[in-house]
Amino acid sequence: MTWQNPSYIVLPIYVAIVIIGILLIYKFTKDKTKNISSLRLFIQVAAVFAFFMGLILGPFDVPLYAPLGISPRSLLLGGNLLGNQFPDGISLPVLACYYPNGRTVTCPIWQIQAYIFPFWNYARGYDVVYSTSGLEKIGIVIGLVAVAAIIAGRFFCGWLCPFGLYQDVLTRVRKATRLKHLTFSEKTNKALAQSRWIIIAVFLILSVMFASYEIFGHQLIPGTTPGGPEGTEAGNVGFLNEPFCLVCPMRPLCVLIECAIGSMKYSYVSQIVYGPFWIRGGYISSINIIILIAVTALAFAYRRFWCRICPLGAMTAGFSSYTPFKQIAVTKLEKDEKKCTKCGICKRVCPTQATDVYEKKGGDVTESRCILCARCVEACPYEDALSLKVAGQTVMHSRNWLEKETP
Amino acid sequence: MAIVILMLSWACPSISAQTSTVFGPATKFSVPAYNSVISFAVNGNYSTATFDDDTWIFTNLLLNGSQPLENLEISPKDSNVTINSYQTETFGFPSDRLSISVQGKGQQVINMGIGAYSGIDVDWVVASNVTFLNNGWNVSHNGTVTLTGLTGNLNIIYFNFTSQLGATKLPFYEAHSVAIAVTVAVAATIGAAVVVKVAVRRRTGEGELSKNA
Chain A
0 MTWQNPSYIV
10 LPIYVAIVII
20 GILLIYKFTK
30 DKTKNISSLR
40 LFIQVAAVFA
50 FFMGLILGPF
60 DVPLYAPLGI
70 SPRSLLLGGN
80 LLGNQFPDGI
90 SLPVLACYYP
100 NGRTVTCPIW
110 QIQAYIFPFW
120 NYARGYDVVY
130 STSGLEKIGI
140 VIGLVAVAAI
150 IAGRFFCGWL
160 CPFGLYQDVL
170 TRVRKATRLK
180 HLTFSEKTNK
190 ALAQSRWIII
200 AVFLILSVMF
210 ASYEIFGHQL
220 IPGTTPGGPE
230 GTEAGNVGFL
240 NEPFCLVCPM
250 RPLCVLIECA
260 IGSMKYSYVS
270 QIVYGPFWIR
280 GGYISSINII
290 ILIAVTALAF
300 AYRRFWCRIC
310 PLGAMTAGFS
320 SYTPFKQIAV
330 TKLEKDEKKC
340 TKCGICKRVC
350 PTQATDVYEK
360 KGGDVTESRC
370 ILCARCVEAC
380 PYEDALSLKV
390 AGQTVMHSRN
400 WLEKETP
Chain B
0 MAIVILMLSW
10 ACPSISAQTS
20 TVFGPATKFS
30 VPAYNSVISF
40 AVNGNYSTAT
50 FDDDTWIFTN
60 LLLNGSQPLE
70 NLEISPKDSN
80 VTINSYQTET
90 FGFPSDRLSI
100 SVQGKGQQVI
110 NMGIGAYSGI
120 DVDWVVASNV
130 TFLNNGWNVS
140 HNGTVTLTGL
150 TGNLNIIYFN
160 FTSQLGATKL
170 PFYEAHSVAI
180 AVTVAVAATI
190 GAAVVVKVAV
200 RRRTGEGELS
210 KNA
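Chains as they are written, first to last, in numbering that gives the first Met the number 0: chain A, 0 to 406; chain B, 0 to 212.
Since the hints were derived computationally from the structure, they do not count as laboratory data.
The reader is advised that the hints may include incorrect statements.
As the list claims (entries may be wrong) - Facing chain B, according to a computed beta carbon distance under 10 Å, are these residues of chain A, among others:
hint: 1; residue: G138
hint: 2; residue: I141
hint: 3; residue: I327
Claimed, not checked - Estimated spans, in silico, between C-beta atoms of each pair:
hint: 4; chain 1: A; residue 1: F215; chain 2: B; residue 2: D51; range: 33 to 43 Å
hint: 5; chain 1: B; residue 1: F171; chain 2: A; residue 2: K26; range: 46 to 56 Å
hint: 6; chain 1: B; residue 1: R200; chain 2: A; residue 2: K186; range: 32 to 42 Å
hint: 7; chain 1: A; residue 1: L297; chain 2: B; residue 2: Q66; range: 46 to 56 Å
hint: 8; chain 1: A; residue 1: R171; chain 2: B; residue 2: S139; range: 54 to 64 Å
Don't be surprised by glycine CBs; every beta carbon is placed ideally from N, CA and C.
Bound-form chain A, shown alone (with noise of 0.2 Å):
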C-alpha cells in the first residue's frame, strides 16, 4: 500500500467532522447526566484518528528487510514537525506508541528510555539525521510534557489517551452485560497511585542498565547483550532499548491498528520472535500480551484500572498536581462548598476512586489520582457545585438534573 502524496484534504474533513460532531452532541444531548460523557467518547475516538493520522495517509513502501515490510515512519503528515533536532514526534502524554502514529506525537516514555541510550546520539535511518544529543532530547521531551501538563494536567488521560478509551470502551461492555464495577479500599488505591513512581524509577534504572555497554563501557547486568536481556528485541537488535515497552501493555494495540490498516505486515510480527517462552516475541514480546490480558481483565473490573498506575499519568500529575505547579495548573476541577450536600455521588462515580472531589472542602479539588475526566461535574446534581475550569474560566459545571427543565 503507497501514497506517495499525502491527500492533506482530509485534514480539513477531519477538523470539520470534529467540529459538527461536538456542535451535534452538545445540541441533541438532552441527558444531564450523560452528556459529558458522550461529548468525551467522541472527542477520545476523534484523538485516536488524530494521533495514528500520520500513519492513514503516509506511504509505507521503504521495507527494512524486504521479505517483511515494516512500517516506515518518513514523510508521514505531520511527520518531522520539529526538524532533524527531534524528528520523532512532538511529545504529549499519552499512549501512542512511536511506529503507528508517524511522528505526529509519540509516548514520552518511550522517548526517554530510548534517549538515554547513546545509539539515539547518531542518525539511524529513515531520512532523520539527528543534531542533537540523547540528553538534550530528554530535556526536551520534559520541557514538552511540562508545558502540556500545566495547561491541561491530565485531562489528556480522560480525554485523549487511546488506551483511557480502551478502558472506558471495557467499562460500557461490563455495564452492557450488567455487571458492577469493583472497587479498592482507600488504602489499596492509595498504594497504587504510590507505585506509579515505583514504575518510573524501575524502568529509568533498567533503560541505564540496558545501555550501560554503550554509557559506561561494560554491562551492568551480566548475561545480557548491549540493548538489553538475550532473546528480546532490545537484546537482539541491540540499539532498540525501551523497558517500559516490554511490558506496555498499549504496544499490541498499537501493533493491531497498525496491521488492521496495513501499513505493518502481519509477517513482521509473527515471523521476527525470539527468546524463551517468558518474554517470546519481537515488535511486540509475550510479556506485553500477557500483561495486556491481565490489564484488561483488571479493567473490566475496575475502572480506569491502568490509570491508577500509569507512569506517564505520574509524569503528567508531577507537572500539574504537586507544588510548585499545582498552584499555577491551568485546567482545575473546582468545589463550590456551599453549595456541596455531602451527597457523595462524585466520589462514587469516580473511575479513579479519587477521594480529594469529596472530601476537601471547596475549592481546587484537583489531584494526583484526578483524569479530568468530569464525570463528577456530570453525576453532581447540584448547580454549579462542581466545575472544571480553564484559567479560570469555567467550561464545565454541574446541573440540577433531579429537576426537569421547564419548556
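Fit chain B to the known structure of chain A by using the hints.
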C-alpha cells in the same frame, strides 16, 4: 595526440591494469585444508581471486543483480558456502548485506572490508532468513564476522550507523533551536499561568468582597 594519451594515462592509471574474470555457479573455489568449497549462486566477475592462508580473497567482486564489493575475504571450515548476493541499502536503515547459504555445520570467517570497529557493536547483525540470531556468530574489531555452526540462508548485515553521525556545523542557536524554543515555551507557560493565577485570585477576591458588601 601523444599529449592526450599521456594525460589520459596519467588521469586513469589503473584502467589498463584492470581485467575481470568471469565466473558462474559451476565455478568452485576450494579450501582443501578445511575440506570446504566456496561457490556463487549467480554469474559474476572479479578482478582478482587469491588464495592465501586458507582464505579466498576476492577483489572488485560483482555478482549479477548485486552491488559491487571491493574486497571479500572468506574462509570456510568443514562447510560449503554459496554466496548469493551483496546489497547496499541507502534508504531506510542504510546497510550492507551479504547473503550466503551454508551447508554443513562448520565455521565461516568472513571479512567484507567494511565495519572496522567503530565503538558501536550494534552495527552488526546476522539473520537466518529474517530472524536475528543471538548465538552462533561474533564480530571482531576489524569487521571480521565468524559464523559457527550456522546453516541455511544467512544474511550478514552491517548498519554503519557511525558514518551517519548527525552532528552538524550549524551555529549554536540553529543547532539547538528546538531546545531553546521549548525552554522559552516552558518559561512562557509558567509565566502565563502565574499571571492567570494572580488575575483569577484578584477577581475572586473582588467577587467575595462585593458579595460581603
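Numbers of unmet hints, in rising order: none
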